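S.K.: One letter stands for each residue in the lines below.
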Amino acid sequence: MLDPGRTIVAIASAVGQGARGIVRVSGPEAVEAVRSLIDLPTPDDANRFALVLATKAAGRIEVLLRLSAITSGPVPAALWIWPGSRSYTGQPVVEVHVWGNPLLLQCVQEDLLAGGVHAAEPGEFTLRAFLAGKLDLIQAEAVLGVIDSTGQAELLAALGQLAGGLSDQLSAERTGLLDLLADLEAGLDFIEEDIEFISRTDFIGRVALARLSVTNWLEQAGDRDVSTEYPRVVLAGLPNAGKSTLLNALVGDARAIVSPIAGTTRDYLEATISRDGLTITLVDTPGWEADALGIMQHAQGLKDQQIEACDLVVWCEATDADESMLALNELAREAASKQARKLLTISTKADMAAEADPTNDSLGVVVSAIDGTGLDQFWGELGRQLSASAGSRQWLGTTVSRCRDSLTRCLHALERLETLATTTAGDELLAVDLRDALDALGEVTGAVYTDDLLDRVFSKFCIGK
Amino acid sequence: MSTDWYQFDVIVIGAGHAGCEAALASARLGAKTALLTMNCDTVGQMSCNPAIGGVAKGQIVREIDALGGEMGRVIDATGLQFRMLNRSKGAAMHSPRAQADKKAYQFEMKRRIEEQANLTLCQEVIEQLVSTLQPDGSHAITGVQVRGNATYKAQAVIVTTGTFLQAIMHTGEAKTAGGRAGDGTTGTLSDSLRQLGFELQRFKTGTPARLNGRTIDYAALTEQPGDPDPQPFSFLTTAITQPQLSCWLTETNETMHALIRANLHRAPMYSGQIQSTGPRYCPSIEDKVVRFADKSSHHIFLEPEGYNTKEIYCNGISTSLPRDVQDQFIHSIRGLERAEIMRYGYAVEYDFAPPTQLQPTLETKRVRGLFFAGQINGTTGYEEAAGQGLLAGINAARLVAGAGPFVIDRAQAYLGVLIDDLVTKGVDEPYRMFTSRAEFRLILRHDNADRRLTKLGQEIGLVTPDRWQQFVEHERQIALAQQLLKSTRHQGITLEEWLRRPETEWTHLQEMSPTLAELELAPRAREQVVIETKYMGYIKRQEADVEKAQRVQSVTIPANFNFNGITQLRREAREKLTKVQPTDLGQAGRISGITPADLAVLLLYLKERGRLSPSAG
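These protein sequences, in sequence, are chains Y and G.
Start counting the first sequence at 1; every next residue gets the next number (my numbering).
Start counting the second sequence at 1; every next residue gets the next number (my numbering).
Think of the hints as simulated: they come from the structure by calculation, not from any bench.
These numbers come from a predicted model, not from an experiment.
We put the beta carbon where it would ideally sit given N, CA and C, even for glycine.
Hints may be right or wrong, so weigh each one.
[Claimed, not checked] Below, simulated DSBU-like cross-link-like pairs (lysine-lysine); rule was C-alpha separation at most 35 Å, straight line:
1. Y/K134 to G/K365
2. G/K288 to Y/K134
3. Y/K134 to G/K548
4. G/K425 to Y/K56
[Claimed, not checked] Here are a few chain G residues that sit away from chain Y, every Cβ distance over 12 Å (derived from the structure):
5. E173
6. R194
7. N263
8. T567
9. I594
One chain only, chain Y, in its complex shape:
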């Protein structure tokens, strides 16, 4: 699939019936392949083709297509043609726009395949765009994220990474640091000019700003477990709050696709669950000790646990809890909410509280794992909460697991730099740390070559599969 000499085709518009649909063709033979589908080409068609092909910019032509499966007559289509390297993939691209009927789109694709064009593999257009320098790594990952996303939260994160300008922000920061390095180096190399290129105070200020940006990105990126790219949701609460029952209910739900439960050697259980288009990794934690002292100790130990690292904590409260438990519950929940990025409270064991009204707003989400009450509502709320945080996060799991080390290295270099700059250390020493920070940042966008870049990139494009 690495051979851009092949001309490839794929249906580019979303599945479902829209006003119009698009079939995209990319490769050296793209124009010829589509031209061969035109019904009874007229001299006028040839002229219009020649006109578009003569310019480097994209051009649009209205034509009639003759499709082998459509015997009733020619089908009107609009062709968008990028004859040169200015297309998304950096090679000739033709988009065939027809009425948005899935069958019609398939007919166009099949005729192209029959004419020798290859079916694109997942991510192949993106790979070509990346190799042609049209996308950086972060953007490429985001595009793949959009394509691959199995749920709304993921899709939003992918779109956020693509459109939210994350790679622009990273590039801008890198450019800023490069300028800073240039100032530093100029001071070292142009000593005959009596120009102060940058004062130490300004230097420290600019490094501090960069450090804030990187810290911010690391926070946005979260420290999600590298083994998964799905949002992590942690179930927490006092003992006997119905956490495990809830987990088991979801796992046992016929509508859910569940991965094997892992983590028996650790002190928590986790399962990856796909249900109604949302995929999450759900983690069950042991209950909190049911006395005030235990709660405080537990809060101390939170850093070792999953709560800090996850996207959402679901705090379970049993509806059948007594007064003293409720007080403890408040204390524990407050401690947890301080540690968690986000916390959703739900009432469990709805079946045990006969008087509880499932529609009572003050109780928020109310579920019963036994009879399945409120599971849909719970799942929907989970999706809403995760989308909201994903939208502001802008980082995809795939990107995070690739970049976290680089970002952390960048942060450490900047921290060292900030400390060093307050001493009498020479600019030539500052330059070493600044270059380290720049290298690390360059690895994130793929602007700097690393030994394992190859593996990192190509593992994402299913090569060798």
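Assemble chain G onto chain Y, guided by the hints.
M.R.: Chain G in isolation, oriented as in the chain Y frame:
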């Protein structure tokens, strides 16, 4: 047809700073060498400022010396003021610089060339290069034809013509043919190079006015004396004993800037008379006034040109403005109100050959046995020229002797950075060395140039027995002292750890250990131990980076590799790689415009061709 002919192994065209080093190295390595110059009275002449060294350039001179080159020893013998620049900064930034007695320098260099066995110095005007077509379609050099019906034959020819190819000098509206005031130009050689298929481009450089020192009011100027303890360039020079002269400091002013602005239309660079690119880093005063418009003043260094002349060089105000403007602005400067100009400033435009046409040995890719070195490769500066000359001379002699190429790594020397930058990135303005061009600046210091390179010089045969002995002794003392620092403890902590603390000095260590106090240690060896220990953390980090770079470099690319065969590569990438023909993945990555994605494709192709074939998709 030619009637006379002479047989040599290596011919060097041009006897400037590149040509002299090239010829000496070649002759010393056993090649019968001819050094041909337009004028035997201008061998080793400093066309511009009377100084050697400076930031990054001083390091290069030390490297040339460590390899057995000549520049360091000649400036040590003829310098009239020595200063260690950047003394207030760390050791890696210390850069030696010396003002030269211009005439003494060139006479000393000429004498050394005359005394060199195996080397013939001749005054000749080159008409054209002579080459033969090889059976495989390539060209191989066979010699040069000179004016007066004579031919010099050789297996290798090194062209070091500096600024003399199709040179034109500009002073205001006045244009004169020639590469230096008082000298002519090398006209037909450009044609000869073009006929062989070489691409030539134009650069420009400039030089300031020279004044008569008798007419300068020194009382109004700031004196800038040399160092009280002048440090030599050459590792073989024990001490600088000649008396030192002072330089003098003054500055430009608003009146002068206004005058220049009012006359910009008469400056060839601005009137359109010169179209070529000049150096951004050594700008003319016109450029400074335009580009740093917010600065009301720039330094001017007044530098004596010799012990036996009153002529003064005005460093910092190179110009191509007309004579009348130069007269006026010189007189507006503090201390120069009544100064007389002896030579007017001028700009010179010249042909250079884009250096991506070279291999890392400085042999051209196009013609076997033909080497280019110095300003013809688009560089500026005596030191950069001399360094290239030395390496071209070594490689030409080795080619004749059938030995392999001699290429220095970027991690070994500024010379390695210089050559790699030239042949990999090419030049878009006259190339000057900066410390920031080196990835491993903390390792490439002037103080350890011998430790980095003398062993290499010994291996290729340029290092004399006295230099080698001195080097071995130096290393012995360092090893002894380092061993002692590691094995001796004071208050439970090794002396090495003590020394790493910023506040610890050598004398403190001597108080801690009587053995160390008694150790016979030359000041230079002691300095090495102190620097290497104080910098240890950083040196280790850079060494780790060097290793990382070497891993990428270990992926080699076969000679004459067909990059166009990798259809997966972007066309732009294929073109650039084909032009430069990098020898390894690291070099490929340094080509401007080659992205990490391109490298990934290239690596995949080099390592796992199978995965790229369509059938694997």
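S.K.: With reference to the structure, classify each hint as holding or not holding.
M.R.: Checked hints:
no., hint, verdict
1, Y/K134 to G/K365, "holds (33 Å)"
2, G/K288 to Y/K134, "violated (38 Å)"
3, Y/K134 to G/K548, "holds (28 Å)"
4, G/K425 to Y/K56, "holds (29 Å)"
5, E173, "holds (30 Å)"
6, R194, "holds (32 Å)"
7, N263, "holds (23 Å)"
8, T567, "violated (5 Å)"
9, I594, "violated (9 Å)"
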